[in-house]
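Chemist: Start from the sequences, fold in the hints, and give me the full structure.
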Amino acid sequence: MNRGDPSPALFARRDLLRGALAVAPASALSLLAGCASNLPRPDARITGKAFTRNRVYVQPDAVFEAVLMDVSNDNGPPVALARQRMEPAGQSPFELNIPFESGQLQRDGKYLVQAQVTLYNQLLFYTPGSHPVLPEPAFYRTDVILEPYPRTTATAAAGVAFSQTHWRLASVGELPGIAVAAPEKGAAPAFIQFHPQRANLPAGMERGEFSGSGGCNRFLGSYQVEGGALRLALNTTSIRLCLEGGKDEPAFLSALLEVRTFLQTGRELVMRDQEGKPILRFHADEAGEAAFEPYEPENSPQ
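Here the sequence shown stands for residues 472 to 773, where the numbers follow the numbering used here.
No lab work stands behind these hints: they were computed from the structure. All residues carry an ideal CB built from backbone N, CA and C; glycine is no exception. Don't take each hint at face value.
To be verified - Calculated cross-link-like contacts (lysine to aspartate or glutamate; reagent style EDC-like; alpha-carbon spacing at most 16 Å):
#	residue 1	residue 2
1	Lys520	Glu618
2	Lys656	Glu715
3	Lys581	Asp545
4	Lys748	Glu729
5	Lys581	Glu607
Stated by the list, open to error - For each label pair, taking beta carbons as the anchor points, the in silico distance ranges come out as:
#	residue 1	residue 2	range
6	Ser682	Glu729	17 to 23 Å
7	Ser601	Arg702	20 to 26 Å
8	Asp514	Glu729	48 to 54 Å
9	Leu712	Glu572	38 to 44 Å
10	Glu715	His666	27 to 33 Å
Modeler: The following block contains the structure:
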């Protein structure tokens with residue numbers, strides 16, 4: 472054998488390496504396939520219809536969305552379990568078809584379906600009422616009623632409803648960049664949520680109760696909306712001494728009493744005082760399955 476000729480052992484090592492490289496992609500694919508098979512898959516569906524009380528025309532670029540929400544935790548944001556989207560929406564009534572994993576529904580939980588129609592990410596129709604879903608297959612069908620979202624100078628650019636939204640406190644005072652202090656251990660982060668009364672009021676008017684957390688104590692109150700005007704009255708708060716968190720609670724509760732107007736833009740809510748200065752900022756908060764990306768058709772206004 473010449474000194475420059477490769478040895479049989481070298482050939483063996485080369486062939487072994489080639490075999491390992493050939494097998495590696497197949498093994499990786501097998502591993503990925505195994506991971507994919509372990510992912511939970513929807514085994515149930517929410518069906519039904521979302522309809523308006525009166526016959527309406529829905530613009531061609533409008534989008535219909537529906538979501539199955541877990542609202543079991545009164546102290547935290549709702550949890551989106553599954554979503555449905557139709558773009559373009561078409562005309563009412565809209566078919567509900569929300570696939571979800573049935574194991575997500577617990578017997579002691581609270582679940583509901585919310586739906587909305589938006590145009591260029593601005594709210595046109597929403598579901599102001601409650602449409603519960605029971606954790607039994609026989610009750611996976613539900614019909615929801617859509618109503619026009621009141622359009623005023625304060626709500627014309629709204630992306631979500633003013634009421635029944637979990638508004639997480641983003642800042643207190645005129646400067647928007649100052650972060651809200653962390654809540655006390657065991658307390659909910661500062662938020663407010665409005666619960667309207669079902670009453671025959673003129674368009675643009677709403678009244679009801681609100682609840683929330685200051686980052687330390689829970690509070691309850693009443694509110695009234697008339698156009699862009701908003702008045703809040705605190706009725707009761709819990710009494711808890713917080714030494715480590717919830718530092719913004721006194722300023723938050725004090726500012727609520729000074730609110731005179733509000734403005735919604737997308738998923739943001741700003742409350743202003745009598746002089747028109749922004750004193751509270753909120754962001755619509757929810758957990759779980761992420762919301763769909765904003766819909767931007769080619770002919771949307773810039």
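Chemist: Taking the hints in turn, state whether each one holds.
Modeler: Quick rundown of the hints versus the structure:
1. Lys520 - Glu618: holds, 14 Å
2. Lys656 - Glu715: holds, 8 Å
3. Lys581 - Asp545: Holds - the C-alpha atoms of Asp545 and Lys581 are around 10 Å apart, at most 16 Å.
4. Lys748 - Glu729: Given that 16 Å is the threshold and the Cα spacing comes to 11 Å, the pair holds.
5. Lys581 - Glu607: holds, 12 Å
6. Ser682 - Glu729: 17 to 23 Å: Given range 17 to 23 Å: holds, Cβ gap about 19 Å.
7. Ser601 - Arg702: 20 to 26 Å: The hint (20 to 26 Å, Cβ to Cβ) holds, given that Ser601 and Arg702 are roughly 25 Å apart.
8. Asp514 - Glu729: 48 to 54 Å: Because 51 Å falls inside the window, the suggested range holds.
9. Leu712 - Glu572: 38 to 44 Å: With Cβ atoms ~42 Å apart, the hint holds.
10. Glu715 - His666: 27 to 33 Å: For His666 against Glu715, whose Cβ atoms are near 30 Å apart, the range 27 to 33 Å holds.
Hint compliance for this structure: no hint is broken.
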